[in-house]
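J.: Now for the letters of each chain:
2 protein chains.
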Amino acid sequence: MSLFKKHEALLDRARTACRERHCWSPFPDMPGKYPNAEAAQAAGLRAFESHLPAAGQRSRFALEQPGTVGVLGEEISPYTQQALNIDYPQADVDVLFEAASVAMSGWAQASIDTRLGVLMEVLDAIYREHLFEVAHAVMHTAGQSYNMAYAGSGVNALDRGIEALVYAEQAMRSVTTQAHWQRPFGKELISLDKTYRLVPRGTAVCFTCASFPTWNAWPSMMASLATGNAVIVKPHPATVLPMAISVRVFRQVLQAAGFDPNLVTLALDSSAEPIGKLLVTHPRTAIVDFTGSVQFGQWVERNAYPALCFTETAGCNTVVLESSDDLDAALRSLATTLCMFSAQMCTSPQNIYVPRQGVRTPAGLVSFDEVARRLANAVEALTADPKKAAMILATIQSAQTLALLDRLSADGQARGAVLLAPKSYPHPEFPQARTSTPLMLKLSTAERAWYAGEKFGPISFVIACDSADDALAQASADVREFGGLTAFLYSDDEDFIARAETAYARAGAQLTINLTGPMPLNFAAAYSDYHVTGLNGAGNASLTNLAFVASRFCITQSRRPRPVG
Amino acid sequence: MSLFKKHEALLDRARTACRERHCWSPFPDMPGKYPNAEAAQAAGLRAFESHLPAAGQRSRFALEQPGTVGVLGEEISPYTQQALNIDYPQADVDVLFEAASVAMSGWAQASIDTRLGVLMEVLDAIYREHLFEVAHAVMHTAGQSYNMAYAGSGVNALDRGIEALVYAEQAMRSVTTQAHWQRPFGKELISLDKTYRLVPRGTAVCFTCASFPTWNAWPSMMASLATGNAVIVKPHPATVLPMAISVRVFRQVLQAAGFDPNLVTLALDSSAEPIGKLLVTHPRTAIVDFTGSVQFGQWVERNAYPALCFTETAGCNTVVLESSDDLDAALRSLATTLCMFSAQMCTSPQNIYVPRQGVRTPAGLVSFDEVARRLANAVEALTADPKKAAMILATIQSAQTLALLDRLSADGQARGAVLLAPKSYPHPEFPQARTSTPLMLKLSTAERAWYAGEKFGPISFVIACDSADDALAQASADVREFGGLTAFLYSDDEDFIARAETAYARAGAQLTINLTGPMPLNFAAAYSDYHVTGLNGAGNASLTNLAFVASRFCITQSRRPRPVG
Numbered sequence: 002m003s004l005f006k007k008h009e010a011l012l013d014r015a016r017t018a019c020r021e022r023h024c025w026s027p028f029p030d031m032p033g034k035y036p037n038a039e040a041a042q043a044a045g046l047r048a049f050e051s052h053l054p055a056a057g058q059r060s061r062f063a064l065e066q067p068g069t070v071g072v073l074g075e076e077i078s079p080y081t082q083q084a085l086n087i088d089y090p091q092a093d094v095d096v097l098f099e100a101a102s103v104a105m106s107g108w109a110q111a112s113i114d115t116r117l118g119v120l121m122e123v124l125d126a127i128y129r130e131h132l133f134e135v136a137h138a139v140m141h142t143a144g145q146s147y148n149m150a151y152a153g154s155g156v157n158a159l160d161r162g163i164e165a166l167v168y169a170e171q172a173m174r175s176v177t178t179q180a181h182w183q184r185p186f187g188k189e190l191i192s193l194d195k196t197y198r199l200v201p202r203g204t205a206v207c208f209t210c211a212s213f214p215t216w217n218a219w220p221s222m223m224a225s226l227a228t229g230n231a232v233i234v235k236p237h238p239a240t241v242l243p244m245a246i247s248v249r250v251f252r253q254v255l256q257a258a259g260f261d262p263n264l265v266t267l268a269l270d271s272s273a274e275p276i277g278k279l280l281v282t283h284p285r286t287a288i289v290d291f292t293g294s295v296q297f298g299q300w301v302e303r304n305a306y307p308a309l310c311f312t313e314t315a316g317c318n319t320v321v322l323e324s325s326d327d328l329d330a331a332l333r334s335l336a337t338t339l340c341m342f343s344a345q346m347c348t349s350p351q352n353i354y355v356p357r358q359g360v361r362t363p364a365g366l367v368s369f370d371e372v373a374r375r376l377a378n379a380v381e382a383l384t385a386d387p388k389k390a391a392m393i394l395a396t397i398q399s400a401q402t403l404a405l406l407d408r409l410s411a412d413g414q415a416r417g418a419v420l421l422a423p424k425s426y427p428h429p430e431f432p433q434a435r436t437s438t439p440l441m442l443k444l445s446t447a448e449r450a451w452y453a454g455e456k457f458g459p460i461s462f463v464i465a466c467d468s469a470d471d472a473l474a475q476a477s478a479d480v481r482e483f484g485g486l487t488a489f490l491y492s493d494d495e496d497f498i499a500r501a502e503t504a505y506a507r508a509g510a511q512l513t514i515n516l517t518g519p520m521p522l523n524f525a526a527a528y529s530d531y532h533v534t535g536l537n538g539a540g541n542a543s544l545t546n547l548a549f550v551a552s553r554f555c556i557t558q559s560r561r562p563r564p565v566g
Numbered sequence: 002m003s004l005f006k007k008h009e010a011l012l013d014r015a016r017t018a019c020r021e022r023h024c025w026s027p028f029p030d031m032p033g034k035y036p037n038a039e040a041a042q043a044a045g046l047r048a049f050e051s052h053l054p055a056a057g058q059r060s061r062f063a064l065e066q067p068g069t070v071g072v073l074g075e076e077i078s079p080y081t082q083q084a085l086n087i088d089y090p091q092a093d094v095d096v097l098f099e100a101a102s103v104a105m106s107g108w109a110q111a112s113i114d115t116r117l118g119v120l121m122e123v124l125d126a127i128y129r130e131h132l133f134e135v136a137h138a139v140m141h142t143a144g145q146s147y148n149m150a151y152a153g154s155g156v157n158a159l160d161r162g163i164e165a166l167v168y169a170e171q172a173m174r175s176v177t178t179q180a181h182w183q184r185p186f187g188k189e190l191i192s193l194d195k196t197y198r199l200v201p202r203g204t205a206v207c208f209t210c211a212s213f214p215t216w217n218a219w220p221s222m223m224a225s226l227a228t229g230n231a232v233i234v235k236p237h238p239a240t241v242l243p244m245a246i247s248v249r250v251f252r253q254v255l256q257a258a259g260f261d262p263n264l265v266t267l268a269l270d271s272s273a274e275p276i277g278k279l280l281v282t283h284p285r286t287a288i289v290d291f292t293g294s295v296q297f298g299q300w301v302e303r304n305a306y307p308a309l310c311f312t313e314t315a316g317c318n319t320v321v322l323e324s325s326d327d328l329d330a331a332l333r334s335l336a337t338t339l340c341m342f343s344a345q346m347c348t349s350p351q352n353i354y355v356p357r358q359g360v361r362t363p364a365g366l367v368s369f370d371e372v373a374r375r376l377a378n379a380v381e382a383l384t385a386d387p388k389k390a391a392m393i394l395a396t397i398q399s400a401q402t403l404a405l406l407d408r409l410s411a412d413g414q415a416r417g418a419v420l421l422a423p424k425s426y427p428h429p430e431f432p433q434a435r436t437s438t439p440l441m442l443k444l445s446t447a448e449r450a451w452y453a454g455e456k457f458g459p460i461s462f463v464i465a466c467d468s469a470d471d472a473l474a475q476a477s478a479d480v481r482e483f484g485g486l487t488a489f490l491y492s493d494d495e496d497f498i499a500r501a502e503t504a505y506a507r508a509g510a511q512l513t514i515n516l517t518g519p520m521p522l523n524f525a526a527a528y529s530d531y532h533v534t535g536l537n538g539a540g541n542a543s544l545t546n547l548a549f550v551a552s553r554f555c556i557t558q559s560r561r562p563r564p565v566g
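Heads up: the sequence lines are chains D and B, in that order.
Every number in this note's numbering is 1 more than the matching position in the first sequence, counting from 1.
Every number in this note's numbering is 1 more than the matching position in the second sequence, counting from 1.
Please note that a few of the clues may not be correct.
No copy labels: a pair is met if it fits in one copy or bridges any two.
[Said to hold, decoys possible] Derived pair list, reagent style DSS-like, types lysine-lysine, alpha-carbon separation capped at 30 Å:
(1) 188 / 389
(2) 34 / 388
(3) 34 / 188
(4) 389 / 424
Hints listed in this document are in silico derivations from the structure and should not be mistaken for laboratory results.
Working from the sequences, and respecting the hints, build out all of it.
T.: See the structure below:
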C-alpha cells in the first residue's frame, strides 16, 4: 500500500476540518491519553537522555548530512541552567544548497500523492516514535512545561503540519495536469494537447526560534516540501535539539521512501557567529520562512528578495476590558494567559487597557485601581504555589529576559508603577531552573513609551484610558504600529463588540471575546484558528491559508498539436 | 436581479474552463462576428474620434476624480505620428490614496457575490459599450493593428479579467465565513462561535505598459478589486487613452452599483517627470502590479516591500530548431510570429537556435545557412505586400525602437551578419505610420553579447550551435539568465522533446512544440495558457493561478462563547 493510501482517510478528514474549521485532531490532547502512555513517556525520556553525554563529556548528535566542517553546540537547559553539551554538525552551506538542489529533482517529479504520502508518514513517525523525545528536548531548550511541550510543541504542531499539507494540496490540485484545447483559426481547426507541471521554487531556508521551535517550523517545512522544494533548517542556537531530531526523522522517512534525504538538512550557527544574513541573501535561497525577533525579522523581510518570505515575528498583543457580567472569571482567564509559559508566546497579551472610570459589572462600576489590583491578585494566586507555578509558568528561556525583567522592575519601582513585582520561584523538580513570576506595571496612556512595542517575557501593563472607546483606539493603534497577533475583549455591549471586531479586523489581530473558563485565552487551534493575518508588522505567514502555500511552486506548460485520428 | 445573478451562469462557465483549461470564450474572436458588427464598429470609431480635439486645439478627457492639480498629455499616434492632443487630469497622489482608502471601507464589507457581480458588469460594460472605442485607442497609442487591438487588447483581455475573477473567487471561497468549534478542556466543554472575514490588503498601484496596456491591466485590476482593494492606475504616458477609458468605465459601473467610484482612479505622469518610484514606495501602497521594462521592473521588485509585487517585464524568448517533417510550414509559422505586431509582444521569439550541421527533414539535412535564408525569405514574403504587412506588422510603438533597429542594422552590416535588413513599409491607410519590417541577424554562439538580453522590437537572431543539445542548452540558459516567457521547439525526436520540456520547465518558459498552421505561435489563450511562470526574471505575475490572487487579501477572525441553549 502506498503511503498516500495509508494516510488518505486521515488527510481527507483534515480537509473537512480545514473547510469547516471545527474542532478536530487525530491526536490525544494530553500526554496521559497517548496510547500506552506510561511506557511511551518513559521511552521518550530515555531517548532524550540518550542524547546527553556523561558528566564532563560532550556527545555528538548523529546526522549524516554532507558538508560537515566542524561541530557546534551551546544549548543550556532553562531547567538546570547547565549546558547540554551536545555537539551538532556545522555545515558548509554551499554544500547543503548543492545537495538540496540535487535532491529536489527527483522529489519535484514525484506525484502530489507521493509527496503528500511521504510527508504524512513523517508526521506519523514523529508522533509514534519521537513525540516524548521531542517534548523533553523542547523542555530543556525552550524551557516549556512538559504538558505544553507535548501539546503546543507536539501534537498541535503536528496538526498545523497536516493543515499545511491540506492547503498545499488544494493549491496544487487546482492546476489540471493536462488539457485538450481546440479552436478554429480561419478555416483550420487547431487542436492542441497541453500538459502542465508544477515546478518547485527552489530551496527554502526555515529559521526556527528559541522559545517555540516546532509549531511554526513543521507547517513551514510541510508547505515547502509538499510543493516540491527542499528545506534547510536554521535553528536558533539556543534551541537546536528539537529541530535536529525533526530533521533526522524527515531524512529517515524520505530515504526509506526512496528519496534523497538531503531534501532536509540542518545549518547551525553560533550566537557568536550567526549565519542568518548569509542564508537569507544566498543566491540559491528561494524561500525564507522566519520565526524570531522583530528586529531581525524586519531585516529578513527587507532583504529576502528575490526569495519569497514568510515571517512570524512578534507583536504587541492587547486586551480591552469594557464590561463583564463575571469580572472575576474574566480576570482569572486573563491571569492564566499572562502566566502561561511566562508569556513567552507570540500570542501572549501584554497591554491591558481599562477605562479610567472603571469596568461595568452587574454589581456596578469596578474602579480602574480595583480591576488592576484584582488582576494582580489573580496572577499572584496562580503563582504562589511552586507546584502550580511550575505547571503554568514553566521557565524563562533566556537570561536576557530576566535582565529585561530586572531593568523594568527597577524603572517601575522608581516610578511607583509596580503592580506586581517578579520573583524567582523554586521549581519543585528542578531547583536550579531559571524562573520568574510576572511583572505587572500600572500606567496611563500618557506613559506610552513604556509599553510601545513588545517586551518579551512575563511583562504586562495595565493602562488607564479615557474611555472604552479610547481603550479600543489605543489598543488597535498598538497593533497597527507595533504588530499584533491576538487581541482580547470583555464587553457586554454588542455595539462596542461590533466596533472592536471592525477595528481589530482592520489592524489585523485575531480577536477573542468574553472567553472565560479553562481554555487558555491565547490557544490557537490548528484547522480552525488562523494564525497571523499579514496585516501588520507581526508577520505574514498565516497558518494556514492559500497564500502560505500557493507561491511556493510555479506552473509551467508545454503544448503541441494533438496527433490526428 | 443582482449583478451576481445576472452574470452567474457566465462565471460558472468560466470556472469550468479554468478547471479544465479547454478552449472557451463568451466573446467573438473577430471584429466581424461582434453583434451588429458594422454599426458597433462605426459607433466605436466615432466614440474614439470624440476624444480628439479639433485641429490646433487640445481636448480634455473628462474624469471626475478628486485631487486634480493640472493636466498632462503627450500621446503620439504611431499611425499618424501626430500628437493626440488629449489632456488628462494630473492628480495629487496623496489625495488619490486617501480617496481610495475611504472608498475601500464599503467595498471591503460587500459580499464576495456583490463584488464579483459588479466586476463582471464592468467587463460586460466594456464589451458592450466600449470595445471598439478601446480598440481604436489602442491602435493610436500602442500602435497595434485593428484586429489585434480588438482581440488581444479587447476580448482576450476581457477573458483574462474573468479568469482572474474565477481564481479570486476560488481563493476567497476557500475561507469559511463561520464555524462552530467545541472542545473539552478538563471537565468543561468550551463552545465557540468563530467568524472569519476577508480583509483587503490596501490600495494597489497598477502600472500599464505602452505597447499592450489592457491585457495585463484588466486581470490585475480584477484580482485586486475582487479581493476588496482599491486600484490606482498608472499608465505609461505614451499609452493613456485605453486606460483612461477603462478607468472611467470602472468608476461608472461602481458608482451605479452604489459604491464609491474612487476605488479606481488614474495617476498620470509625464516622461519628463515620472512618478513611478514615488508610487511604488508610497507608504500607502499595499500592492504593485507592474508591466513594463526589465530595468524598471527589477527596481520595482527590489523596492516594493512592504507592498506585494506582481510583475511582468520581458525576456529573451527562444526557438530551437532540431528537426521537422515540414520545415517550410515550421518556418512560415516562425516567420509569422516574428512579424506579429512587429515582435513588440512579451511573447515574441528573439533568439533562434539552429544546429550548425543543419536541421533534419524527411528530405535530408537542411544546412544552417539554408534554414536561415528560408526563414528570412518567409519573413520577407509576409512583409512584401504593404496591405498584408499592415495587417501583421502594424506599427512601431516607439521611436526608440526605430533607433535600436538602426543601430543594430549598422552594427550588423559592419560585421556582415545581416540576414534581413529592416525598412519602413508604406501603410496603405496611414501613410505617416511609423513602420519597419524586421531585422534579422545571423550569428554564432561565439557572438552571444549581441543577443544576450531582450532587444525590444522586430529583431531576431538566427544562431548557429554545435548541436541540437547545445541549442537547447543555450536557449534555456538565455531564459534563466535574462528571463523568458515563451519558447518554441521543432523536433520529431521524442527523447529530445522530453529533454526540452524538462529544460524549459526548469527555466520557466512556456513551451510550444511543433505548431504549424494559422494559429500565431505566441498566442496565449485565457483560461488555458498560464502566462509567466515566476521562475525567471521575466516576472512573477502568472495569469492566472492562486498565487496571483491569494495574498491580495488577509483573513481575520473573532471568536466568542456560543450562547448557551
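J.: Look at each hint and say if it fits the structure.
T.: Hints, verified against the model:
In this assembly of identical chains, residue 188 and residue 389 lie within 30 Å of each other by CA distance solely across copies; the values are 18 Å between and 83 Å within a copy. For the homomeric pair residue 34 and residue 388, the shortest alpha-carbon distance inside one copy (22 Å) is at most 30 Å, but the shortest distance between copies (82 Å) is not. In the homo-oligomer, the alpha carbons of residue 34 and residue 188 lie at most 30 Å apart only across protomers (15 Å), although the nearest pairing inside one protomer, at 71 Å, exceeds that limit. Within a single copy, residue 389 and residue 424 get their C-alpha atoms as close as 15 Å, which meets the 30 Å cut-off; across copies the closest is 88 Å, which misses it.
Going down the numbered hints, you'll see the structure goes against none, and every one checks out.
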